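For reference, the chains in residue letters:
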Amino acid sequence: MTVAKERSAGSNQPAPASAAPSALNFECETGNYHTFCPISCVAWLYQKIEDSFFLVIGTKTCGYFLQNAMGVMIFAEPRYAMAELEEGDISAKLNDYEELKRLCLDIKRSRNPSVIVWIGTCTTEIIKMDMEGIAPKLEAEIGIPIVVARANGLDYAFTQGEDTVLAAMAMRCPTEPKKITAAPEQSVDRGSFQKLFSLGRKEEAKAEAPIATTTDSEYKDHPPLILFGSLPDSVVTQLNLELKRQGIKVSGWLPSQHYTDLPVVQEGYYAAGINPFLSRTATAMMRRRKCKLIGAPFPIGPDGTRAWVEKICKVFDIEPQGLDEREAQIWAGLEDYLKLVRGKSVFFMGDNLLEVSLARFLIRCGMTCPEIGIPYMDKRYQGAELKLLEQTCNEMGVPLPRIIEKPDNYNQIQRIYELNPDLVITGMAHANPLEARGISTKWSVEFTFAQLHGFANARDILELVTRPLRRNAALDGLGWDKLVKEEVKA
Amino acid sequence: MKLAYWMYAGPAHIGTLRVASSFKNVHAIMHAPLGDDYFNVMRSMLSRERDFTPVTTSVVDRNVLARGSQEKVVDNITRKDGEEHPDLIMLTPTCTSSILQEDLNNFVERAQMDAQADVMLADVNHYRYNELEAADRTLAQVVRYYIQKARKNGDLNTEKTEKPSVNIIGISTLGFHNNHDCTELKRLMADLGIEVNIVMPDGAEVGEIKNMSRAWFNLVPYRELGMQAAKYLEEEFGTPCVDITPMGIVETARCIRAIQRVLNDNGHAANFEEYIDNQTRHVSQAAWFSRSIDCQNLTGKRAVVFGDNTHAAAITKVLAREMGIKVVMAGTYCKYDQEWFRNEVSEYCDEVLVSEDNAEIANAIARLEPAAIFGTQMERHVGKRLDIPCGVIAAPIHIQNFPVGYRPYVGYEGANQLVDLIYNSFTLGMEDHLLEIFGGHDTKEVITKEMATESDLTWSKDGRTELQRVPGFVRGKVKRNTEKYARSQGLDTITAEVMYAAKEAVGA
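As you go down the protein sequences, you meet chains A and B in turn. Every letter in the first sequence is one number past the one before it in numbering that gives the first Met the number 0, and letter 326, counting from 1, is 325. Every letter in the second sequence is one number past the one before it in numbering that gives the first Met the number 0, and letter 261, counting from 1, is 260.
A few of these clues could be false.
Unchecked claim - The calculated lysine-lysine pairs, modelled on DSSO-like cross-linking and capped at a C-alpha distance of 30 angstroms, are: (1) B/K209 to B/K151; (2) A/K178 to A/K136; (3) A/K127 to A/K177; (4) B/K23 to A/K92; (5) A/K107 to A/K177; (6) B/K23 to A/K481; (7) B/K334 to A/K100; (8) B/K162 to B/K230; (9) B/K383 to B/K502; (10) A/K107 to B/K483; (11) B/K1 to A/K100; (12) B/K383 to A/K107; (13) A/K100 to A/K127; (14) A/K178 to A/K219; (15) A/K127 to B/K300; (16) B/K185 to B/K162; (17) B/K209 to A/K484; (18) A/K289 to A/K219; (19) B/K483 to B/K502; (20) B/K23 to A/K484; (21) A/K378 to A/K441; (22) B/K300 to B/K23; (23) A/K107 to A/K127; (24) B/K185 to A/K484; (25) B/K502 to B/K300; (26) B/K1 to A/K107; (27) B/K1 to A/K127; (28) A/K136 to B/K1; (29) B/K71 to A/K378; (30) A/K441 to B/K23.
Claimed, not checked - Partial list, computed: chain B residues near chain A (C-beta under 7 angstroms): (31) M6; (32) R49; (33) R61; (34) T95; (35) Y126; (36) R486.
In case anyone wonders, no lab produced these hints; they're calculated from the structure. All of these numbers come straight from a predicted model, not from anything done at the bench. All C-beta atoms in this analysis are idealised placements derived from N, C-alpha and C, irrespective of residue type, glycine included.
Given only the sequences and the hints, what does the whole structure look like? Please build it.
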């Protein structure tokens, strides 16, 4: 096997099945920390999968969260709703099957979606509602596929909600291509909701369809490749094109823009994830769908994107063309931002599981990072990313960050006071109080919704990262950096 | 199970936390899974709080479920006790803890053995109470706890203050314009020569509760928060309660007169009539504004009001009594207290709607076609879709309800603000006349704006042209009425003739 041109440090050695990089220091604080509930994935998934309906089976607590904290307000009748559990449901006086049937028939009548995704919550876990048992029966009875995802806060954090949905949906990918029949067009009106509420994502023309069907001579001969992870359609196109430059054809994405267009997955297909929080989906693709998982760093930042493309090329035994030039070109274009971040320090409190990838990119940009808090660390699925982080630190000559799983926010804030970092990337609960104490912050949730992936979007990441620094530079000299009275430290 | 798209009142723990985190130096521990502490986000982001929200989640995960929560909860209480030295730590149950059926009372007792702070379990069942009821209960619980504690310790102070004094009860964090209302109420009390004994709970210390009994009376401006606490104080100390919301000129005067009666009953010869008259006619702009020539055009305009009890009732009265606007429907989402609402508003509106279902309210608005809506953020969205202006008058709160400038809803300045809000919500003045005379200048395509689009009718070309000539701001109404007429006549095409027939028949 010919090994493609690689960086001298060998970033693309196949990730070992287990062993995490040795020099990195992992701790688990098992503290009290704030992050969003995993049901938040509904906010972006219902927009991504345009013929879907998401039914969150939970309590007022869940509904009020989506409405107020996530700000998923109702501008038009949305394609998600709450099945609000009431006392009768909890005490099992009511029959779950009948109740869910009533609600799903209501949804079928009013929205007629191609799929109903049931989002289980902490409450359905604790009362042990048999969602997986009920769904197939109800599906057969009402004639709409029902996908069950347990996106509960007992087991998962924030973005992992998407992981639970995609892992469940992976099981629904067909094994054979659809026969071309004159299938009636879905009656769901598509597209109107995205315009109303886009969470900062820019929608673009449908891009997936042609890729799966054309047999083009521009593509090299390689086994089918499935990519998983929910991205705005324009970013999907960008990554498809990036791989196309190397002659690699993406057979399909999980999720697709429409549930009815889920990609064909057969044993022996290759699969690669584009986000660090998709470890269950990776497992489902590997173990249940018998795909071969490509373990690569994630395509975030020019360095990550290059490593990701390179790794996929390597697996398909394709020599990457022009990647060096492409990466160098992107870096050169970032110089105006890089000047602002070089030598500055960034502290991740931990929220959306993108922390390691972002830290790796920012260190490559010339920053230092004392601590990466992260709600959950899958050292195997993130193995290649962790390796790249370590390598980046070595090459840039900066200390390795501490990686703290399930951090304790109170302890972290004490460490922030001590370290006085130039930037703290944090959840929304802590941003304003830290700003009031003169510490610059950026909300981690913005990175969840921004377009991060691929070469072209590296600018967007730095635009976000440098915004507080630029804002502060603009306000510098006013002497207003601390906006609370001195606190008596205990 | 209930299919829900929108919630007017939040879950119980939000109410409890609003009360707990309003106090100074009180910390709440939530017994909840990851992510249930989004109250912290709401407080930090919506009201732009500078301080860390004093709420910590004792995270319930699989391990905790398997082992039981006691150890962890007790550890977290004692840990917070050492870290922040709060006066009170309030253990807040959640929907999760309600169904886990753990003995949280026992946890509290255990933690109390080690903690310096008082430790209390908020007595709120998630499945029985909503945010508003839970807040009211929690505040009463805290007040009762500290009164009883003071009584036991013998440091309860029941001697009334020398000068007339008031406890303002019900001002809380994340309340609808509460911070500005509180400032306005303090100003009003100062004008009346009344000392503010304690504002409860916002900014209060639990240690001050034992002095609540010193006030001459309690003022509860919001029906939703503070009534239970005030009732308890009345039972314990005979402290009279004034629960008239001073919103609008008439109700503000009524509230001041009720205060005057209380003071008179206590042997204080106060007479505020001159003050009321001067404020109403000369200082405040609201009464004059309603009288001014511009506002003549408001007469008979139709409005729909929807909100919590306090705001919906008060705004209904202001519209009907002070501005001559016809309230075709007044509604509340406070189902648990609907009788009060019906009593308050029924003489000022055509119909009353009590509902928590946003679709029911939206449909009622679509049916009634008011000229303006005064509602919550939800009705604002409904208004956008129907092209009916909406002034936001009640929670659920939104970042827009925390304006940086001074925007109270109560008292005389609040009356000014209300008048502005109401006036600006209508298309008025010369603009209105010119549109009527010249038929508008709007040549946009007709947009259907029913909540549910029914397309069983077709418009002929001349019908459409005729419809285009109707001024934009009444076009939707004309279109709907014409279609209604056409359906009643069994017609499926609407021509210009049908349109004029409809106009003659139904006055479209």
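### Message
Check the structure against each numbered hint from earlier and tell me which ones fail, lowest number first.
### Response
Going through the list in order, the structure violates hints 3, 4, 15, 22 and 36 and respects the others.
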